[in-house]
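Visitor: Protein chains in written order, with the working numbering: chain A, 1 to 295; chain B, 1 to 406.
Just so you know, these hints were derived from the structure itself, not from any lab.
Warning: the hint list may mix true and false statements.
Stated by the list, open to error - With a Cα cut of at most 30 Å, we get these calculated BS3-like pairs of lysine-lysine:
#, chain 1, residue 1, chain 2, residue 2
1, B, 202, A, 293
2, B, 202, B, 190
3, A, 148, B, 369
4, B, 190, A, 148
Claimed, not checked - Label-pair restraints from in silico Cβ distances:
#, chain 1, residue 1, chain 2, residue 2, range
5, A, 2, B, 269, 38 to 46 Å
6, A, 116, B, 402, 37 to 45 Å
7, A, 280, B, 374, 28 to 36 Å
8, A, 63, B, 344, 38 to 46 Å
9, B, 269, A, 182, 47 to 55 Å
10, B, 31, A, 280, 51 to 59 Å
11, B, 385, A, 280, 48 to 56 Å
12, A, 229, B, 70, 21 to 29 Å
13, A, 5, B, 375, 48 to 56 Å
14, B, 223, A, 4, 15 to 23 Å
15, B, 206, A, 5, 52 to 60 Å
Each residue gets a CB set at the ideal place from its N, CA and C atoms; glycine is no exception.
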Amino acid sequence: MTMIFGVPLAVFTGQLLLGLINGAFYALLSLGLAVIFGLLKIVNFAHGAMYMLGAFATLLGMRYLGINYWAALLLAPLAVGLAGMLIERLLLRRIGHLDHLYGLLLTFGLALIFEGTLVNFFGVSGARYPTPESLAGGYQLGFMFLPKYRAWVLLAAIGVCLFTWYMIERTRLGAYLRAGTENPALMQAFGVNVPLLVTLTYGFGVALAAFAGVLAAPLYPVSPTMGSNLLIVVFAVVVIGGMGSILGAIVTGLAMGLIEGLTKVYYPEAANTVIFLVMILVLLIRPTGLFGKEA
Amino acid sequence: MTFIKKTLVSSIAIAATAAMATAAQAEISDGTVRIGYLADMSGTYRDLAGPGGLEALEMAIEDFGGSVDGAPIEVFSADDRNSADVGANTVREWIDQRDVDLVAGMVASSVTIAVTKVLEENDGFGIVSGSAASSITNEHCTPNHVHWVYDTYPLANGTARAVVEQGGDTWFMLTADYAFGHALEGDVEKVVTENGGTIVDKVRHPFPTDDFSSYILQAQGSGAKIIGLANAGSDTVNAINTASQFGVVEAGQQLAGLLVFLNDVHAMGLDTTQGLLLTTGWYWNMDDESREWAERYYERVGSMPTMVQAGIYSSTMHYLEAVQATGSDDTQTVREYMMKQPIHDFFARNGRIREDGRMVHDMYLARVKSPEDSTHEWDLYEILTTIPAEEAYRPLSESQCDLVQN
Numbered sequence: 001m002t003m004i005f006g007v008p009l010a011v012f013t014g015q016l017l018l019g020l021i022n023g024a025f026y027a028l029l030s031l032g033l034a035v036i037f038g039l040l041k042i043v044n045f046a047h048g049a050m051y052m053l054g055a056f057a058t059l060l061g062m063r064y065l066g067i068n069y070w071a072a073l074l075l076a077p078l079a080v081g082l083a084g085m086l087i088e089r090l091l092l093r094r095i096g097h098l099d100h101l102y103g104l105l106l107t108f109g110l111a112l113i114f115e116g117t118l119v120n121f122f123g124v125s126g127a128r129y130p131t132p133e134s135l136a137g138g139y140q141l142g143f144m145f146l147p148k149y150r151a152w153v154l155l156a157a158i159g160v161c162l163f164t165w166y167m168i169e170r171t172r173l174g175a176y177l178r179a180g181t182e183n184p185a186l187m188q189a190f191g192v193n194v195p196l197l198v199t200l201t202y203g204f205g206v207a208l209a210a211f212a213g214v215l216a217a218p219l220y221p222v223s224p225t226m227g228s229n230l231l232i233v234v235f236a237v238v239v240i241g242g243m244g245s246i247l248g249a250i251v252t253g254l255a256m257g258l259i260e261g262l263t264k265v266y267y268p269e270a271a272n273t274v275i276f277l278v279m280i281l282v283l284l285i286r287p288t289g290l291f292g293k294e295a
Numbered sequence: 001m002t003f004i005k006k007t008l009v010s011s012i013a014i015a016a017t018a019a020m021a022t023a024a025q026a027e028i029s030d031g032t033v034r035i036g037y038l039a040d041m042s043g044t045y046r047d048l049a050g051p052g053g054l055e056a057l058e059m060a061i062e063d064f065g066g067s068v069d070g071a072p073i074e075v076f077s078a079d080d081r082n083s084a085d086v087g088a089n090t091v092r093e094w095i096d097q098r099d100v101d102l103v104a105g106m107v108a109s110s111v112t113i114a115v116t117k118v119l120e121e122n123d124g125f126g127i128v129s130g131s132a133a134s135s136i137t138n139e140h141c142t143p144n145h146v147h148w149v150y151d152t153y154p155l156a157n158g159t160a161r162a163v164v165e166q167g168g169d170t171w172f173m174l175t176a177d178y179a180f181g182h183a184l185e186g187d188v189e190k191v192v193t194e195n196g197g198t199i200v201d202k203v204r205h206p207f208p209t210d211d212f213s214s215y216i217l218q219a220q221g222s223g224a225k226i227i228g229l230a231n232a233g234s235d236t237v238n239a240i241n242t243a244s245q246f247g248v249v250e251a252g253q254q255l256a257g258l259l260v261f262l263n264d265v266h267a268m269g270l271d272t273t274q275g276l277l278l279t280t281g282w283y284w285n286m287d288d289e290s291r292e293w294a295e296r297y298y299e300r301v302g303s304m305p306t307m308v309q310a311g312i313y314s315s316t317m318h319y320l321e322a323v324q325a326t327g328s329d330d331t332q333t334v335r336e337y338m339m340k341q342p343i344h345d346f347f348a349r350n351g352r353i354r355e356d357g358r359m360v361h362d363m364y365l366a367r368v369k370s371p372e373d374s375t376h377e378w379d380l381y382e383i384l385t386t387i388p389a390e391e392a393y394r395p396l397s398e399s400q401c402d403l404v405q406n
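Isolated chain A (complex conformation):
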């Protein structure tokens, strides 16, 4: 049997694939953060909570309204996106002219409120969301058993990431967005409604988080604290990729998933810290991140 650093090739390949799947999650979440920071300059600490709300909307939608998984995939991000737009309109806009730190504190506070309220009603044990029938079971790949649902997560997450990247970097709407954040006054003079554009962008960013939440619902117990653990890692991914870089968030997300996956094989004790080590290294060598533009 071929061995790679003392690990059989089959196991190694399996771990790479799993790492890639986790990486797709990181990519999806850090993409939302990067869009919001890149275009709005808001450090959105409520992102983990939005991911959690996406998962909860899926669970509660099934329990009380009979909404199935596929419908939730569309409706939950929509609902959370709308909530996000309300937050932007009513709260974030008021502190838009202040230092970034205020936005960070406000969104962090919101995250704590969402989390605390749900803990009060649902506890932390979490509830299970069943895997949709059509995605139950899995494929025997020879080197590993791959649950169908995880394969779907990988495809869906990467698909949405690429779509977002295309929309922002390659379309007219995306160009308006980028221009609007670069020079809002000029854009407004051209007759573009910049405040509306900003609201929509924030809504879209948190909808991405909620979409990740729907994807996560059948994988992990749906619990109010599910977002807070992930948030810090995702922030590290954004910092490594370069704050605000769309492509950087996607590529770094996938790469960090792979690195974390390999750490779980070779030195599992460090699995939770390896991404932060990479972050420190990157900050020392390239403070603007791997894909960040020089300030």
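Chain A is already provided as a structure; the job is to place chain B on it using the hints.
Guide: Quick look at chain B alone, frame taken from chain A:
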């Protein structure tokens, strides 16, 4: 003159304080019994103790009458957030500023070990109900705490032995990388090898972990018959869920959840957990006495109590009875009395506190019911056998505790 006067006054004051101190040994300090409840109130261990445990504590105080010989009982609580520093600092503050008489609850073993050190330095008193590490009454024993509900020794002794006896003789250990996980892993390894089994491989995962797929894949690759889960709370839930997604059981491997709480099984559902063997210190549907108490608890909290929550009630009762009988809240007076009294209530059968602070009582080997056998939401376990108190826990002859004369 002033100097002499001052000296005189202070000597009298000192003498008076000394006299009061002697008298205080036979009474309740400053006329109030103060109980501080320390637990994870918001994190991964919230549902096994948390706010429900505080409710159980308050039930005990209400049932006791709210006061001890006219001295009111005061309760306060804090969230230790599973941090040893936060826990130790909170208890230090309780001792210095709030004159706490009993620290109850205590869940994550790492927090408990830090807190019991603070209690020992300040001659305080604690009853540990939530923690699992058997080291708490072994190398970390102090004359200032007792350990109530369960520990890793009977968990290993009950579940691991039963699994090995049924033919599960090769094990892959999946261990939470902190004090409790290490203690449980050690106890399991001992039981497995003593019964003729082997540990094929092990992985220590960070605490807490969300994604177990990588570890489950490694366990599948190990070829072991049994995957032993030396973790707890959401880690166990995540590991079992992931194993079910990766078809572990269908492929012929078995899971052994070494520390599984009622709320975990409830959260995962019987489809995922049916057939799981586990060791528990108590089960709400064990007999009439248990049911009667559990239903009262259910009325107030809305979920059935875990063994930890029931143990908090039981231990608080025993403590208050000791304070009443001795008329004192002095640590050693109360502890001595508690050790002399056998414990037999809705929770503990054949219970007694040993000199190392371990409260030994009957433990139970249980199996999770199948969805067909379960009659309602909380009908989750079938009790298979009783492990007698004196066999369940680590024998004193193996103890490394300084309080034990070996």
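Visitor: Now, for every hint given, state plainly whether the structure supports it.
Guide: These are the hints, each one checked on the structure:
no., hint, verdict
1, B:202 with A:293, "violated (44 Å)"
2, B:202 with B:190, "holds (14 Å)"
3, A:148 with B:369, "holds (28 Å)"
4, B:190 with A:148, "violated (39 Å)"
5, A:2 with B:269: 38 to 46 Å, "holds (40 Å)"
6, A:116 with B:402: 37 to 45 Å, "holds (43 Å)"
7, A:280 with B:374: 28 to 36 Å, "violated (50 Å)"
8, A:63 with B:344: 38 to 46 Å, "holds (43 Å)"
9, B:269 with A:182: 47 to 55 Å, "holds (51 Å)"
10, B:31 with A:280: 51 to 59 Å, "holds (55 Å)"
11, B:385 with A:280: 48 to 56 Å, "holds (53 Å)"
12, A:229 with B:70: 21 to 29 Å, "violated (48 Å)"
13, A:5 with B:375: 48 to 56 Å, "holds (53 Å)"
14, B:223 with A:4: 15 to 23 Å, "holds (19 Å)"
15, B:206 with A:5: 52 to 60 Å, "violated (21 Å)"
When each numbered hint is compared with the structure, violations occur for hints 1, 4, 7, 12 and 15.
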